[in-house]
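**Q** Spelled out, the chains give:
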Amino acid sequence: MLLTVDMLRIRFGAFSPVDQVTLGVDRGEILGVVGESGSGKSLTATAIMGLLPRIGGQVAGGSIRFDGTDLVDLPESQMRRLRGGRIALITQNPMTSLDPMMRIGPQIDQAARLHLGLGRSAARARSLDLMADLRIPDPASVYDLFPHQLSGGMKQRIVIAMALAGDPELLIADEPTTALDVTVQAQIVQILVDLVRQRGLGLILITHDMGVVAQACDRVAVMYCGRVVELARVDALFEHPRHPYTQALIRCIPRNGMARGTMTAIPGMVPTGMTQPPGCRFNPRCARVESRCRVDIPELLVGPSGNGVACHLAEAA
Amino acid sequence: MIAFTLRRLLLLLPVFFVVSLVVFFIIHLVPGDPIDNLMRAGSTPEQRLQIAAKYGLDRSLVEQYLTWMGRLLTGDLGTSIIQGRPVSTLIAHNMPYSLQLGIAALLFSTLTGIAAGVIAASYQGTRVDDAITGFILLGSTVPSFWLGLLLILVFAVWLGWVPVSGARGWTSLILPVIAAGLGGIALVARVTRIAMIETARQDFVVLLHAKGLPPFLIQLRHVLRHAMVPVVTILGLRIGWVLGGAVTIEYVFARPGLGSLLIRALNQRDYPLVQGCLLMLAMAVIVGALIGDIVQAAMDPRQREARS
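From first to last, the protein sequence lines stand for chains L and H.
Using our numbering, you'd call the opening residue of the first sequence number 63 and step up by one each time.
Using our numbering, you'd call the opening residue of the second sequence number 52 and step up by one each time.
Just so you know, the hints here were simulated from the structure itself, not pulled from any lab data.
Here are the simulated distance ranges between beta carbons:
id, chain 1, residue 1, chain 2, residue 2, range
1, H, P266, L, Q211, 23 to 33 Å
2, L, Q211, H, P65, 27 to 37 Å
3, L, A187, H, E356, 26 to 36 Å
4, H, E356, L, D129, 39 to 49 Å
5, L, D68, H, R252, 29 to 39 Å
Which residues of chain H face chain L? A few of them, derived with a C-beta cut under 10 Å, are:
id, residue
6, V256
7, L259
8, L264
9, R276
Here are a few chain L residues that sit away from chain H, every Cβ distance over 10 Å (derived from the structure):
id, residue
10, A122
11, D135
12, D229
13, R261
14, M331
15, V357
Even glycine gets a Cβ: it sits at the ideal position worked out from N, Cα and C.
Given these sequences and hints, build the entire structure.
**A** Below is the structure:
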């Protein structure tokens, strides 16, 4: 495994918004991380990037192993060398992810100059190549533009080029298509899939779009309320979802030929903030809730296949 | 950008007109007149009328305004009634002292203020930040004239390091610059700190950190650049203040300058001189704000394009 996150727990003061997060991704593999807003997907990504202290959080337990090194205890100076170098981040909103006062090109150059030690002109040549790879038309003139002169889809390609500039082995894409038009979304997902297949990158694709998961991912981690509730290969997940939450999520995917007014939603709300229910966090919304679900927190049991589920009723499912 | 600048310059004409109206009528509506200051004890009402006629003070206000305006358009600010010298000469004579103090105070307060703001923002929530924030509060509430007196007492009277007053040599500039600059430091530091903290929360800064850039480089090369936009606006407003803002400081340190000139003219109801000084100061503030706007627009590529 390129990256293994094991029983990760994130703490902000006395509050742990993320707990018991276990997942992993290998080279040339795409791991989808799905879940509703507030399920802890982005925080997990922030933890892997080592950027939690910036927003006042910290890793309170578990491990994040990247290529054999535990990132949790890594000194900041060494973490900074990985960040943008071997591990790169693609953020959610391309509109706000670029420095509006700086030209496009130098923003892509930065990581290459920093991590690959390239000079100005070598970094520029590399950026232009990357832009061409990402099918950005006329890279040489885009290089000198300011962010506001580009469309959202183009900006997201620039953000991807920025992530690739340091020649990373692991890419974390945090909802890379959420802010984009539907047609552009498909292009961006395709670009990411191609990158993984051609360059052998590991990709963690955070999304709440089950369609994207089905289309692109090899394996999936389903998160709910800061916990991974199910970990499975993508085909297994869609054919035999084992956690009631996963089952409900899949039922919510709109399908061709659906009659008007038959969209499904999971009843109830995601518990917010510090008002987590006791026991299984999904129990207030679960259709098959039993009495022990309201008391005991189910552990995520990962089998030798790498599939796992955190549900008391999983065996019966 | 050039069109934007030209448009803004053209707008200065109506502003100039309104300012001249306000300046003229404000001073004429204040009770008392310059004649009182010219009369010797025991003068007769006839002599009084004579003097009024000599300076055109017996005519209606509108007439007086039009005469003043007419001369103004030819570049003539008139002649001081009390001192008997051309207003422009008096202003030109006092201006260098004000510029000296104003520019030194502006530079001092801007550089110190930005540095303090950057440090406070970089160490947000720590004791360093608390100390600077406390200083900002102090600096924006302590009146500059009081600070000036305190500085004189300590450094000139007790320690004898610098002259008590006057404008001879650069050492006489130290205390006035500190006294006049303190409020500016507080203001610039506060704006810089808040702008830095707000910019640091933006997505693109997260991504800069994700690239592995050293935090101090991100702060200086990216965050500070954004934070400078509101700071430039404030500096623009303070350029005008360079000329006239240090009135009380000039008074406390008995320095010559536009401020001292204006205060004396006001006390003597020396209409042409008051009008000339006020007009200069008002235009300095307006032009300063304009320079701030133009620089700000030039800094931000989005505005640069929208206003081209």
